[in-house]
Every structure is written in structure tokens, then in C-alpha cells.
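Q: Protein sequence lines correspond, in order, to chains A and B. For the first sequence, the working numbering gives the first residue as 4, with consecutive numbering after it. For the second sequence, the working numbering gives the first residue as 196, with consecutive numbering after it.
Simulated from the structure, these hints should not be mistaken for laboratory data. Just so it is clear, CB atoms sit at the ideal spot from N, CA and C, and this is done for glycine as well. Possibly wrong hints are sitting among the right ones.
To be verified - Simulated restraints on C-beta separations:
id: 1; chain 1: B; residue 1: Gly604; chain 2: A; residue 2: Arg304; range: 46 to 56 Å
id: 2; chain 1: A; residue 1: Val121; chain 2: B; residue 2: Gln385; range: 22 to 32 Å
id: 3; chain 1: B; residue 1: Gly540; chain 2: A; residue 2: Glu188; range: 30 to 40 Å
id: 4; chain 1: B; residue 1: Ala410; chain 2: A; residue 2: Gly166; range: 29 to 39 Å
id: 5; chain 1: B; residue 1: Gly487; chain 2: A; residue 2: Glu271; range: 51 to 61 Å
id: 6; chain 1: B; residue 1: Ala410; chain 2: A; residue 2: Leu29; range: 30 to 40 Å
id: 7; chain 1: B; residue 1: Glu281; chain 2: A; residue 2: Gly166; range: 38 to 48 Å
id: 8; chain 1: A; residue 1: Arg65; chain 2: B; residue 2: Ala502; range: 33 to 43 Å
id: 9; chain 1: B; residue 1: Arg554; chain 2: A; residue 2: Arg304; range: 23 to 33 Å
id: 10; chain 1: A; residue 1: Thr114; chain 2: B; residue 2: Gly604; range: 16 to 26 Å
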Amino acid sequence: MKIAIEELAGCSGCTIAVLDLHEALLEIVEKAEIVYAPVIMDVKEPPEGIDIAFVTGAVRNRENEERLKLIRKRAKTLVAFGTCACYGGISGLSMLDSPEHLIQHVFRGVTTTEADAVIPSDVPPFLYRAFAVGDLARMDYYITGCPPKEMYLKKILPALLAGEVLALSKKSVCSECDRIMGSVEGWKMKRRHEGVPDREHCLLGQGYLCLGAVTFGRCGASCPHSNVPCHGCNGPSLDILREPCRDIYNMMIRRIADLTGHTEAEIEKEMYDVAHTFYPFTIGSLIMEDKGISKIRDLVRERSR
Amino acid sequence: MTEITISPVTRIEGHARVRVWLNDEKQVERAHFSVVELRGFEKFLIGAAVEEAPRITPRICGICPTSHHLASAMAVDQIYGVTPPETGRKLRELLAHAQCIHSHAIHFFMLAAPDFLIGHDAPALSRNVLGMVKQAPAIARNAIEVRKLGQRITEAVGGKPIHPSNAVPGGMSRPLEEAQRTALLAMAKQGLAIAGEGWALARTLLDATDMNLGAVETGFMGMVRDGGYTLSDGTVQITGKDGKPLGSFTGADYVQHIREYSEPWSYLKFVKLSSGEHYRVGPQARLNLCRGMGTPLADAALKEYRARFGAFVQAPLAANLARYVEFLASCERTVQLLEDPAITGTKVREPAGKVVNTRGVGILEAPRGTLIHDYTVDERGFIRECNLIVATCQNSWAIDRSVEQAARGLVTDGVLTEAAGNRIEMVIRSYDPCISCATHAIGKRAVAIEVLDAINI
Ligand code: SF4
Ligand code: SF4
Ligand code: SF4
Ligand SMILES: [Fe+2]
Numbered sequence: 004m005k006i007a008i009e010e011l012a013g014c015s016g017c018t019i020a021v022l023d024l025h026e027a028l029l030e031i032v033e034k035a036e037i038v039y040a041p042v043i044m045d046v047k048e049p050p051e052g053i054d055i056a057f058v059t060g061a062v063r064n065r066e067n068e069e070r071l072k073l074i075r076k077r078a079k080t081l082v083a084f085g086t087c088a089c090y091g092g093i094s095g096l097s098m099l100d101s102p103e104h105l106i107q108h109v110f111r112g113v114t115t116t117e118a119d120a121v122i123p124s125d126v127p128p129f130l131y132r133a134f135a136v137g138d139l140a141r142m143d144y145y146i147t148g149c150p151p152k153e154m155y156l157k158k159i160l161p162a163l164l165a166g167e168v169l170a171l172s173k174k175s176v177c178s179e180c181d182r183i184m185g186s187v188e189g190w191k192m193k194r195r196h197e198g199v200p201d202r203e204h205c206l207l208g209q210g211y212l213c214l215g216a217v218t219f220g221r222c223g224a225s226c227p228h229s230n231v232p233c234h235g236c237n238g239p240s241l242d243i244l245r246e247p248c249r250d251i252y253n254m255m256i257r258r259i260a261d262l263t264g265h266t267e268a269e270i271e272k273e274m275y276d277v278a279h280t281f282y283p284f285t286i287g288s289l290i291m292e293d294k295g296i297s298k299i300r301d302l303v304r305e306r307s308r
Numbered sequence: 196m197t198e199i200t201i202s203p204v205t206r207i208e209g210h211a212r213v214r215v216w217l218n219d220e221k222q223v224e225r226a227h228f229s230v231v232e233l234r235g236f237e238k239f240l241i242g243a244a245v246e247e248a249p250r251i252t253p254r255i256c257g258i259c260p261t262s263h264h265l266a267s268a269m270a271v272d273q274i275y276g277v278t279p280p281e282t283g284r285k286l287r288e289l290l291a292h293a294q295c296i297h298s299h300a301i302h303f304f305m306l307a308a309p310d311f312l313i314g315h316d317a318p319a320l321s322r323n324v325l326g327m328v329k330q331a332p333a334i335a336r337n338a339i340e341v342r343k344l345g346q347r348i349t350e351a352v353g354g355k356p357i358h359p360s361n362a363v364p365g366g367m368s369r370p371l372e373e374a375q376r377t378a379l380l381a382m383a384k385q386g387l388a389i390a391g392e393g394w395a396l397a398r399t400l401l402d403a404t405d406m407n408l409g410a411v412e413t414g415f416m417g418m419v420r421d422g423g424y425t426l427s428d429g430t431v432q433i434t435g436k437d438g439k440p441l442g443s444f445t446g447a448d449y450v451q452h453i454r455e456y457s458e459p460w461s462y463l464k465f466v467k468l469s470s471g472e473h474y475r476v477g478p479q480a481r482l483n484l485c486r487g488m489g490t491p492l493a494d495a496a497l498k499e500y501r502a503r504f505g506a507f508v509q510a511p512l513a514a515n516l517a518r519y520v521e522f523l524a525s526c527e528r529t530v531q532l533l534e535d536p537a538i539t540g541t542k543v544r545e546p547a548g549k550v551v552n553t554r555g556v557g558i559l560e561a562p563r564g565t566l567i568h569d570y571t572v573d574e575r576g577f578i579r580e581c582n583l584i585v586a587t588c589q590n591s592w593a594i595d596r597s598v599e600q601a602a603r604g605l606v607t608d609g610v611l612t613e614a615a616g617n618r619i620e621m622v623i624r625s626y627d628p629c630i631s632c633a634t635h636a637i638g639k640r641a642v643a644i645e646v647l648d649a650i651n652i
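This is chain B alone, in the form it adopts within the complex (with noise of 0.2 Å):
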């Protein structure tokens, strides 16, 4: 049997292998996604004060660590038993919507679009954000400006760009201050135009596109709040993958519905529902389960997804544009935020003493899907058990059956092109897999692709 390897998928958050398994008339046998990373956060954080772990957890990853950060100081302030004050809320709130901004402007138009706007089997040198810069510059300087926002918002709000300090159990460390909320809201005007302009070049972006590629059926999950989309502050809502209705949670009550199993040949963890059916989360789950954005811009492009590709979306390329949706979405909050007067209130925080609850289950949307922390601690609020679900677990099902899908057609008489690989890193790259979240970097590989004769396996 002949394995061929694509390592690492690049441009993706951390470093992962494609390896497709080919049999002797040539044909592929099977494919898998692998991770050669383990993360120990959910060993090494046992004995830890809990209220260090929103501190710690952010460095999960240095793409979504608001979100780590966030979520864990939701499950914290379970533990202190303090309510963040209203201020303290909204200002988490626009944490969140940064992360987003940032993570979706990164993966739209760093990650993702080169594929699409400078070709996907364009030469790998200059597939990919300096190509753009150099032919497509408008767009890489908008790509430059928006991400700007969500990193000076998060700046501003969260104390630094990356691995934000300052979500405290009770609420925020220190209030937003006029100027600051002034010029955050120039920003995010200016940000905001333009993601309203790039819908143009976004909602093009998949017409060439075989919305086939690396096809699965999965059902969902995503959080809602009164039905409509939301990043905090919800209810979880499950669907098969017909779209009818599985069941919600809240909070602790999240174990009834889940269970991780893990393969050998991948660090990564699944996560299917208990019924056994898999599904997933992110952009696309998101938008399968809200009614509507709640705000004006991104109400207007979800019709047009929806029109494009209906109520309830399969095809994982749709991702892509399910993300801009979103994006979108963010950009309006995040303005309407700024523009609440309680935004700059003072009262950001309800102080924090001694352990009320042993147990604190924090859960939030992050830009790659659902996040949760749970935290078991004994009575003085040291970690007993840690238990982190990450958007990439449960994605990992569907993105190692769309590789096998996507592999199935484009190894020709037994070889795979460099264009044809990149085309199996597109499908990769349409989850926006973040390997630091779901493993923790502890290890990678790198080669480039490479045919590997008679490899018994």
C-alpha cells in the first residue's frame, strides 16, 4: 500500500498532516486528518488556584485566546458565585465580538481568499496574504484595517491584543474610559464600512466553486439567544442532521448530550452527540440554528446565503461565506456597543471572595464554534478536574471525512498534484481548524508532500 502525505496544512491555526492511503490498483482506500500535537491543559491546570486560569487558558491559542479567556472567567465567576455587573457584561460582550472581527478578518482574507482570488492552483509562493499584497492590495490593506479594530478593541478592553488580562471573576478590571470608547467607535465605523463593502467581493467569492468538494452530512450546534444569533448569554441548541431538533443546554447539563471518544492515529479528540450521530459547529452550524442576525447588514447577507444555499447548509465550503455573514455581524454589534452609554459605566465589577460553588461551567461562542470550560475545584478554589471542549474536536469528524471525500476525486492514477492537494487543504481550510485549541501545540511536523512506497500500515 502506498501512503501520500500533505504536511503540514498550511495556512491553518497550528500545525496538522493529511496522509491518504492508496490500495494496489491506485485507488485511495481511506484518508484521515491527523494532529501530531497533544495539549496537557486539561492535566497540567489540575492543582492550579482556579482564578488563574482565565490567565493561563488564553494561551491555548494565540488566535481565539478572548474566547478561552472569557469562557473561563464565566466558569469562574460560578465559583466565586459573582454576577458581573451590567457594564462588566457589556464589556465582555464586545470582547467577544472583537475575537470574532479579528479571527474572521484573518481567516477571510489572510487564510482563506488567496485560494479563491489568486487561485487555488496558482504557485504556492504567492497563493497566500503577501501574494495578495502585492495583487490585490486594496484588499489586503482593508484585511490589514478591520483586524486592526478587533485587536485595538481588544487592547482596550481586555488590557492586551493577545491574551487579554483583564475579564476578572465579578466582571472587567477596569472600565472603558471616554476617549478610549471615542476612538474605539471611530474605528469600528470606519471597520464596519468596510466589511459593508467587502460583501460585494465576498458573496462572489464561491461562484466558481464546486460546492461538492469535500461534501458531509452532519447534524449542528450552536448557541441562540430568544432564537436569534449570539455569541454569549445563550441557550445551545442541537439539531440532527435532518435540522430537526435534538435538545439545548446551558451549562453543566452539556455531558448529557456529548461524549469524546479518540482514534490512533491523531492527538485530536471527537466529539460526537450521545445519540452517536456527529456533528458540527462554527459559522455555518451557527447560522443553520439562529432566525436572524439581529442586525441590519448581516440580516441582508444571511437572505442572500440563505437564498444561495437554503435554510439549513451541508456543504462545508459554504463556511467561507457563513463567516463573512458573521463578520459582518460583529462589525454592527460592536458599533452598537460602543454607541450604549452603559458601555463606559464604572461599575465593572462584583467583588470576589471565597468559594460559593465547587463547580463552574463556562460556555461561549468562539469564532471556530462552541467553547466550553468546566472546572470541578475542592474548598479553596484549587482545580480538581478540568475539562475543555473545543470548537475543532467537534469538528474533527466531519473535516477527516471531508479530506477522505475530497481525496477520493482528486488522486488521479495515483498521484496527487500540488494543486490537488492544496485543493484537499481548501476543504481543511473551509472549518478553520485551530490546532493550538484543540490539542495544545506540543509537537509538529513538517515535510513537504512526498509519496512513500510499500508503507505497511
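Bound conformation, chain A alone (with noise of 0.2 Å):
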């Protein structure tokens, strides 16, 4: 079994999540062999005959694309691993501004940067939109996380290199969160860092930004266990990914009004810095921007003006 590792326009967060199955990687990799993943080892390119490799990061620029096409035809098996590979992730925010813009600024625009300061030239150009690599190639598997959790890697891993498919829960953050609604009286909103919340009742309901309801679950929701609201970091919820009426920003509206009994317009009202806020994730899927009732292309066009 000879397995292997690419990066895209990423982090390098999923690979560091693979080593973190700390001692049961040495189990992985007794079993399968690993022939390229270049944070670890010297190999320069995937080789041939490929069983299985993870793609991780978004697609950024040709180079992006020219790896994932190479890795897809010497792979068998090709995993989407991440958030940044299923939805763009945290890179896909830079489709806030034209690839121009963002140079123009980073280069000349900041307080330690001169106005007349090169600006690299011989370097790969950006597309002229970030992609998850879904978007562009046939995956098999899709693992979403940003990264990915060890409770269920170690799970997953084994039994994708035995040849296995598990039956893993499919639900929501919230379906996993240890909260109880509590009275929603005087429901306003807050924003993420205001007061402290209490550690019995549901974010939601307290007035938090909470995207439990629309994000998918494998990740214990963590943050609304240590009492943070949770910003969608495992990517869309299953039922936003198979209906296309539901997107991020509509659920969490209309679930708000569902609970508070305010409408949906005097809900939408006291919603800010939507971009960030709703979408820091998944601004960068086509697939998500494709919903006719998305808010991303809003978000984008708003921005590029």
C-alpha cells in the first residue's frame, strides 16, 4: 500500500494532523508505505502508482492546479482532506479582493512597507478565483475539518488503507453539543467577544453567532465546549450540501427567527461583517457560491468594487 501526501494552498495544519495520531502513526505506517510528503521527506515528486493520496489546501494559483491533476492520475484513491480541499477554506477569503489588489496592498500598502516597493515578478501568477479541489478534479473521499480531528483520523485511516468504508455520524456541530436552550426573552444579538457567556444554555439562544446548526459535526463541538461560538470550520452541514434552497446564511437566519420569533428581516439587520463571520470557510467552493441563494457572490462583488 503506497500512500502519499500533497499540499496546496494550505497551512500544512493537515498534515501536522496526521502526526498527531502520535504513537498510532507508527501502527500506519508499519501497514502502508509513504512515498511522497514533502514536509517530511526529500522525495521532489508523487511517483507512479499511487494507492492512496490526500490532498490537502485549496487552489490558488496554476501550480495548484497542475499538482492536483498530476497527484489525480497517479493516485487510485484521491481524499479531499480538510476544509481548505472540500470548501477552499481560509484561502478562499483572499477572493475578497482581486489577485492585483491583494499584491498591490501586501507589497506597498502596510505600515512597515514602502509605496514604491517591487513587486515580485518572477513568480507563478494566481487564477482568478480560488477553487476547492472538488471544483476541478473527480475525488473518491471527502474528509472536512479544518484540520481534521484525531478522534476520528484514527478511526478513518485505518480503515480507508484496509479498503474499508465506515458508517460515521453525518450530523451537525449541534448534535453534539452538551448545551440546552435555555429562554430565548429578550433575545439580541452580540457580538462574538461581548460579555461572557454562560456555560449551560446554547450559544444561539444567549445571542452568540453560534454556527453549530449549519456546520458538520465530528469535531465534539469543541468550541461551544469550551465555551466559544462555533465559525463553521468543519465546512457546511450535509443538509446544505444536498439542498439546494439551503445555504449557510439563510439557515442561520431563519433558524434565529424560528427561535426568537423576530422576523428574518429584523434578524438580517443586526447581522455584521458577513464575509468573514458566516462564510471564513467556504467562501472560495464553487459549489457554495453556485447556490442561487448564496451570499458569497454578494460578498465578493461588494468587495472588488
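Bring the two chains, given one by one in their own frames, into a single complex with the hints.
A: Right under this line is the structure:
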């Protein structure tokens, strides 16, 4: 069994998540041979005949695209690994600006740069937009999570290597959360940093924008468990993926309206910075953008004006 | 003119390439370390509610997410005018050390050590951590064990081992429970024992190595607290290449001391001192600047390090050992913090509300060096300007010059062998560069070492 890890536009956190199997990794490398993984070994190009390849990161430039095509060709089974690969992830936020503006700003527009600084030219150019890997190549499996969590990888990876398919929970973060609803009387939207939430009741009910209801689980509702609202790092929940008329934003608004008795219009007025609070992990996904009701297109248009 | 490319540089975080240009006499004309990715964080954070930054910026880098999380939270504390209570501060310090334990362990044992233990000219397929599992299984197991300590602490205190969530404006989102403390302390003691034993190996690691490889001379920058070693809550000191103090800063005044610039052949920005002098950050810089480590094992190791290389060290390869001295210090400090009764205090957070200051600057020592998050917001707390100064940009001139220096000695008759190429990469690895941090990944390249003929540049 030959396995490989390819990295496109991401943070290497997904590769670290594999190392975070700790001693369980030793069992895996006994059964499988890692033949290509540039962060940990000196093989400079994916060889032929890979059985399973994991691709992490999004596609943001031509090179990412070429790497993706090459690994697709050389691997029998290709797994989109992590939220960047599955939905564009944080790299997708770069869609909020045109590549030209982004580059100008980074090299000339920040406090410690100079207005006439060199703009790198002998470097690979951006594609016109970000893509999730599934937007451009056929994937055999998707494993979401930013990064995917140890307790699930410990089940998923050995099964994948053994050629088995596991039946795992496909529920939302809310279904893994131990909070109870409590009273929502006098509900008022709060910014995520305001005050101190109580530990027992649903964060959304307390006025915090917690995306648990619209987010795919398998993190044990880690953030609400630590008294921090979910910001959606596992990507969208299954119902949103399946139903064209459901999107992260409209389902959240509907949920808050149902919960509080306020109209959707009233709720919408309270929302702020929709790009970074609702879509930080999905803005680069073509599938998510293509939904008729998605806010992504508006957000991108607003910013690049 | 002929161009030799090593791409990607492997066993570093993120992707970069080395390019060597030869003249007609097959001599090295020049060489560069070039990065083919661009980070857009400084732009796409504009408009964000600033409290989202501590959760978005960890995604700059999966190896040092905690450092970004903490530097960002410190900047946001200032903006909302809140100061973490004692326990909150100590939990954050614990996170900063857990970050160094994991990152230094990865670098020392899994990325750099194979060059020294398996051999820098061993076959590429075995010259890595997997080769170590086979050839030095005890070391590999210990490496896994100590790194796990770092990640378990980050998970317990920060919420998640990668991309932690719990540093919030005003402190931490939850206290550490007694049961967690007990379990972590047992792990920390075991980790410290492993780290202590590992010194016997670490101290000899460079014995057979030519310390002149990749030599450069620069100034240095790093944080100290009361003159001693620290990762946070200190003053950032600067020295020239002669070791003479060149000033210090603690906040927004950093702007007076450094300038960024760029080159056509890399997305990696460069940082130099306002005087024009180049400098380095990271383990070696911190050791050059501090009086002592403040913990017994690390201080003993520092003494040996200084006896061997001097009190002010320029050789880039020495960073491999400096990193281990710090690794010991972080293991020791972790035990201290976990034994401190205040660590399980329940007052971990001061409630935040409206914007109090429109600018916040968080400064912290990340594993690879001084990290600065500087945000300016409007009156409602939406980011207007964002400046991120990360370690690898501050080291990029030195890395680039080390690469050229090494290449001059390693290209013979116009040929760079695979093993010689790896020696260039070894010098790069000694800086432990983090490309995701330095640029944020938006593009990567990989081809085998190749010699391209007649490329005009
Ligand atoms: S999914 Fe998250 S952890 Fe994985 S590469 Fe992307 S940002 Fe990093
Ligand atoms: S909305 Fe958040 S806090 Fe409420 S149940 Fe869902 S995950 Fe838990
Ligand atoms: S709770 Fe939400 S933000 Fe936190 S890890 Fe789970 S999916 Fe990610
Ligand atoms: Fe990093």
C-alpha cells in the first residue's frame, strides 16, 4: 500500500493532523509506505502507482491546479483532506480582493512597506479565483475539518487503508453539543467577544452567532464546549450540501427567527461582517457559491468594487 | 547562463525553491532562496470584526497556530481595553511554551535530525523521520512522546491541538480543571525527563559538522524579560552584528525600528532594521540576547552551548542546538506553570465590550522568532489596517545569503549532486523557515532537482 500527501494552498495543519495520530502513526507506517510527503521527506515529485493520496489545501494558482491534476493521475484513490481541500477554507477569503489589489497592498500598502516597493514578477501568478479541489478534479472521498480531528482520523485512516467504508455520524455540530436551549426572551444579537457566555445554555440562544446548526460535526462541538461559538471550520452541514435552497446564511437567519419569534428581516439587520463571520471557510468553494441563495457572490462583488 | 533548481525544498514547513545561476565558467554567479506563494492575510482581514482575527489568523500556519492565536488575542485585548487576569495570563504563557515544545520537537527530531543521524548524504528515501523509525526507533518514539505533550497541553488549554480557539479578548474562555492539570503535569514530567536525556544526543549532533556552512553575519532581535529568556510579556531587544545594543521596543514603536522590502524573484517579504542593517530572529537570536534561561537544565545546556560557540553566535547551523536549549527551557517552564496553584484559578477572563483603543499591537516570541500582529480598527471594531511581521520574513535575507554562500562551496564543475543539494537544504533547515507563516500559501511548485540549460535571466 503506497500513500502520499500533497499540499496545495493551505497551512500544513492537515499534515500535522496526521502526525498528531502520535504513536498510532507507527502502526499505519507499518502497514503502508509513505512514498511522497514533502513536509517530512525528500522525494521531490509524486511517483507513479500511488494507492491512496491525500490532497490538502485549496487551489489558488496554476501550479496548485497542475499538482492536483498530477496527483489525480498518479493515485488510484484520491481523498480531499481538510476544509481547504473540501471547500477552499481560509485561503478562499482572498476572493474578497482581486489578485492585483491583494499583491499591491501586501507589498506596498502596509505600515512598514514603501509605496514604491518591488512587486515580485518572477513568481507563479494567481488564478482568477480560488477553488476547492473537488471543483476541478474527481474526488473519491472527502474528509472535512480544519484540520480533521484525531479521534476521527484514528478510525477513518486504518479503515481507508484496509479498503473498508465506515458508517460515521453525519450530523451537525449542534448534535454533538451538550448545551440546553434555555429562555430566549429579550434576545439580542451580541458580537462574539462581548460579555461572558454562561456554560449551560445554547450560545445562539444567548445572542452569539454560533454556526453549530449549519456546520458538519465530528469535532465533538469542540468550541461551544470551551465556551466559544462555532465559526464553521468543518464546513457546511449535510442538509446544506444536499439542498440547493439551503445555504449557511439563510439557514442561520431562519433558525434565529424560529428561535426568537423575530422576523427574518429584523434578524438580518443585526448581522455584521457576513464574509468573515458566516463564510470564512467556504467562500472559495464553487459549489457553495453556485447556490442561488448564497451570499458569496454579493460579498465578492461588494469588496472588489 | 545555466540555472540549477532545487524544488521543492523539503523537510521545511511550506514550499520554496533554491535557484543557482552559473556563469559560462560554470562558477556560481548568484543563488536565491525563493518562495512561490503569497499570503493575502494582510489584505483579506481588512473589514473583519477584529475579534474574529484570533480565530482566523491561526490558519496562517498549522505548525505555529498558537503563536498567531496569542499574538492576535493580545492585540485585540488592547483594542477592547481588557487585561487578562493572572490565571488567564499564565494559561496563555503555558500555551506559548506548549507551542515551542511541539514545534521544536518536530523540527529537531523529525525534520533536521535525519541529516545528522541518518546522514546528509544518505538516500533520500531513508533520510527522514520514517527512516528514523526504522534506524533509530527509540529516538523516534521519544520524539513522538514529547511532541504529544505539547499538543495535549494545547488541546486542554487552547481547546484544540491545531488552531486553538480559547484565547479570547480579556483572557481565556475556560479555566483548566484540576483533573486536567494532574494528567498534564504527569505528562510534562515525563516529557521533561525525555528532553533531559535527549541532551546527551543533541549536544553531539553538530560535532562532525562544518560550522562554516552557510555562514553569514547579521544583527539579532529577540524578547527578554528582566534580561532573561522569555516568550511573552517582555521587551524586544535589538543588537548589531557586533553585538552592540541598537534599541528596543514593546509595542507600536516597533515601526521605528524595522522596514520591509521585496525582491522580484520571491513572494517572501524581507525585513531589515531602519538603519539598513540586516538581522535574524529565532532560537539563536534569543540565546544571543538573553542573560540566562531561568531554569536549571536549560541553563546548564546554555553554558555548554556558549562554551562551544561563544556568548554571541553567528554560525547559522548553531541554531539547531540553540533550539534544543529552548526546548529544554519550555519543558521545564511547563512543569513550573502546571505546578503553580494559580494555573487552575477560575477567574480567567475580563469581560470585553466596546472599542477602547483603535490600535492594538500583540508581540510574542513564536518558535521561529519575534511575531507582531498590528491591527487598526474603526470605532465599531472592524479592521482598517493590518500588519503582520513574522519570523521567516525577518530571516529571509540571512537565509538567502546562506544559500548563496553554501552553493559557492558545493557546486563543482557546474554540477550540484543530490547530496550537495541536500547540504544547501540543511542550511535552510537550520533556520526552520515557515513558508506558510511568511507568505501564506497560495501556490506551490515541485519538480526534481534539474539543470536547465541556457536560461537567460
Ligand atoms: S483545512 Fe485548515 S488545517 Fe488544513 S490546510 Fe486548510 S487551514 Fe490548514
Ligand atoms: S448553536 Fe452552538 S451552542 Fe447552540 S446547540 Fe448548536 S453548537 Fe451548541
Ligand atoms: S465547533 Fe465549529 S469552529 Fe469549533 S472545531 Fe467544531 S466546527 Fe470548528
Ligand atoms: Fe509558522
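Q: All hints are to be evaluated individually against the structure, with a verdict given for each.
A: Here is how each hint holds up against the structure:
no., hint, result
1, B:Gly604 to A:Arg304: 46 to 56 Å, "holds (54 Å)"
2, A:Val121 to B:Gln385: 22 to 32 Å, "violated (50 Å)"
3, B:Gly540 to A:Glu188: 30 to 40 Å, "holds (33 Å)"
4, B:Ala410 to A:Gly166: 29 to 39 Å, "violated (52 Å)"
5, B:Gly487 to A:Glu271: 51 to 61 Å, "holds (58 Å)"
6, B:Ala410 to A:Leu29: 30 to 40 Å, "holds (38 Å)"
7, B:Glu281 to A:Gly166: 38 to 48 Å, "violated (53 Å)"
8, A:Arg65 to B:Ala502: 33 to 43 Å, "violated (52 Å)"
9, B:Arg554 to A:Arg304: 23 to 33 Å, "holds (30 Å)"
10, A:Thr114 to B:Gly604: 16 to 26 Å, "violated (39 Å)"
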